[in-house]
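Taken in order, these protein sequences are the chains called A and B. Residues in the first sequence are numbered from 1 upward in steps of one, following this note's numbering. Residues in the second sequence are numbered from 387 upward in steps of one, following this note's numbering.
Just so you know, these hints were derived from the structure itself, not from any lab. All figures in this text were calculated on a predicted structure; none of them were measured in a lab. Be a bit skeptical, because a hint or two may be false.
Claimed, not checked - Here are some chain A residues pointing at chain B (derived, C-beta under 7 Å):
id	residue
1	D56
2	S85
3	T177
4	P207
5	K218
6	S221
7	L267
Ideal placement from N, C-alpha and C gives every residue a C-beta, glycine not left out.
Residue-level listing of the chains:
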Amino acid sequence: MKKLAKLLFVVGLIVLCTGMAFAAEKEIRIGVVGPMTGPGVQYGASMKESAQLAVDEINAAGGVNGRKIVVFFEDDESNPAKAVSSMQKLINKDQIAVAIGHYNSSCTLATMQVTQRAKTPHLCPISTAAAVTESGNKYIFRNCATNPMQVGQLANWAFTNLTKDGGTKAAVIYENTDYGTGLTEIFVDMVKKNPKWEILVQESYNPADTDMIAQLTKIKSLNPDVLMIGGNLTEAAVIIRQAKEIGLNIQIMGLGGGFSNDRFAELAGVENVEGIVNVSYFEKSSTNPLAQEFVKNYIAKYKKDPDMFGAATYEAVDIVAQVAAKLPESAFDNTAKLRQAMRDGIAGLDALPGVQGPTTFDETGQADKMVYIVRWEGGKRVIVFP
Amino acid sequence: MLLLQHLFSGIVLGCTYTLFSLGLTLIYGILGIVNYAHGELYMFGAFLAFYAALILKVNYFMAVVVATIGMAVLGYIIERAAFRPLRGYDDTSIIVATIGLSIFMQNLGIMIFGPDPVRLETVTADISVNIGGLTVGLQRIIVVVVTVALIVALNLFSQKTRMGKAMRACAQDLTAAKMMGININKVTITTTIIGAALAGIGGALVAPLYLVSPVMGIKVCTKAFAVVILGGLGNVPGAIFGGFLVGIAESITAGMISSHLRDVVAFAILVVALLFKPEGLFAKHMQEKV
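Let's have the full structure, built from the sequences with the hints guiding it.
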């Protein structure tokens with residue numbers, strides 16, 4: 001009797017699931033996965049808040065042609081294994097049409113194979129590792145700039161604005177990780193192609209190092225014009241303070257996007273960050289009207305400033321809504337059909353306006369996104385490009 | 387000139403290693419406890435100084451004093467709550483217990499202070515002076531002066547006072563010391579308080595130079611173990627010598643050869659030293675704990 005009940009239960013479940021998969025879609029289900037707990041919790045929180053803001057705005061305005069957007073949040077704990085099981089849950093149980101995630105590149109690289117197998121479009125708003133869009137995966141789309149794009153823009157800005165008649169000598173100090181060495185290699189390659197620039201020295205440090213005096217003393221003795229830092233906020237704050245301490249008063253630039261955070265000025269000291277130039281994905285002082293609207297609504301809802309990760313996630317949700325709005329009614333026959341239609345719609349976007357600027361994906365799924373170049377002035381970031 | 391500059395930063399680095407290692411080696415020498423939680427004492431010291439400056443609005447020197455007193459109290463609590471119950475257990479149990487204490491204190495730090503690093507602002511951190519062509523931060527000079535003063539004070543204490551003599555007796559032979567009527571509990575409490583206070587002062591001294599964060603103790607703790615083993619576990623002059631040796635070697639290697647080798651050099655010295663003198667550079671005989 002017990003066995004029969006179990007069997008009936010299983011059969012019932014199967015009927016329910018297949019029924020779900022073949023019923024016409026009355027809503028658009030999306031999944032947002034990020035580090036909701038663990039070391040990246042503040043970034044996961046930004047993703048969640050911004051996605052919720054976007055969904056609320058879209059649904060309050062009547063949804064997408066009458067269909068509400070339903071968002072499911074999942075946690076990846078910054079752990080690729082957890083990320084995969086969260087993504088499988090979203091795809092198999094929640095039957096999402098589009099996945100949005102993750103913060104960590106390692107997580108995106110793991111789950112993009114899950115979404116590819118399920119033929120589900122996957123928007124990646126934050127992870128910057130170049131490999132994400134280099135694997136030939138047809139379901140991954142990234143609406144932020146990669147590491148090479150960021151360094152490329154910064155280097156070009158430096159070549160235009162900092163080249164001296166007698167040639168410019170640069171020194172690099174970088175974090176001894178994939179991230180730091182990756183940024184440095186791209187920059188060094190660009191400098192090699194510019195006859196007016198040369199790299200004097202490349203020094204490294206390890207994450208959590210606290211004493212960079214030795215490296216900086218060596219750099220100072222070689223007398224460079226520019227110091228590039230390829231690393232993250234915490235160590236960069238230490239580097240900048242210790243550079244000032246030993247009297248290394250030259251132009252300092254940040255190769256990555258990590259310094260574009262108000263905490264940077266707090267940790268390094270407002271007077272020490274003055275004049276530093278670095279890359280930023282999003283600035284609340286942006287003149288883009290969509291960005292201004294987003295900043296205003298975010299502050300109204302959460303009583304704090306949005307960050308670049310929030311802006312990218314907000315834009316991803318907006319891309320989903322804009323693409324869905326253009327789909328024919330037949331695309332909503334079932335989940336599989338909707339997923340395919342969404343993928344094709346996202347791939348076919350042409351300069352769709354968004355909070356981070358227009359989005360067009362190339363054949364690899366990478367959007368040609370501009371980053372900002374900002375300069376620190378009086379503890380605030382001022383956009384110097386574009 | 388460049389070598390001199392590197393030498394000076396090596397001495398400063400050596401001072402921080404020495405302050406840290408002194409407590410570590412004292413506690414091992416007298417209590418027989420390998421204290422993996424020493425890095426967290428250093429972290430608490432730095433945070434105490436930070437919050438003393440922030441909340442009590444005292445100047446930096448008072449903040450260091452507050453941190454030292456706070457750490458002495460914490461040392462007392464740790465001795466009573468964690469170290470004393472461990473007396474008589476085998477080394478493995480003690481090591482596991484102090485690793486546990488380290489994880490507990492680190493997470494307690496994250497809970498109380500939050501996971502983000504903070505900066506202790508002082509006037510001394512941003513002033514640099516030029517001495518004969520060397521650019522030297524004022525805070526770094528303070529680190530050197532305070533460390534040297536503490537080493538002298540510790541030496542006087544252990545040579546001239548009754549408690550100092552009792553500590554040395556306990557380090558030589560705990561059972562014999564007990565039979566001579568030395569109050570072991572008093573000695574172990576004093577040792578832990580001194581060790582914790584030294585770690586705390588170390589943390590408070592580097593707080594204006596580096597950033598203060600709940601994980602700041604981990605890295606310095608690994609280095610300090612190299613220092614202490616290099617000098618001989620439980621050996622005070624060994625810890626001082628080892629601290630300065632590792633600090634200077636690191637600084638000169640990173641500055642004159644390659645920054646990639648920075649962390650390699652400390653442990654390379656350790657390996658070479660252990661090959662030729664496995665009991666440590668300063669130890670007179672291998673200590674056998676039965």
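Verification of the hints:
The closest approach between the C-beta of D56 (chain A) and any C-beta of chain B is roughly 29 Å, which is over the 7 Å cut-off, so the hint fails. With 7 Å as the threshold, the beta carbon of S85 (chain A) stays out of range of chain B, its nearest partner Cβ sitting at about 25 Å, so the hint is violated. For T177 (chain A), the interface hint is violated, since its Cβ never comes within 7 Å of a Cβ in chain B; the closest pair sits about 13 Å apart. The interface hint given for P207 (chain A) is broken, as the beta carbon of that residue sits about 10 Å from the closest beta carbon of chain B, more than 7 Å.
Because the smallest distance between the Cβ of K218 (chain A) and any Cβ of chain B comes to about 5 Å, under 7 Å, the interface hint for this residue holds. Checking S221 (chain A) against chain B by beta carbon gives a least distance of about 5 Å; that is within 7 Å, so the hint holds. Annotation: L267 (chain A) was flagged as interfacial toward chain B, and the flag holds, the nearest CB pair being 5 Å apart, inside 7 Å.
Violated hints, in rising order: 1, 2, 3 and 4; the structure is consistent with all others.
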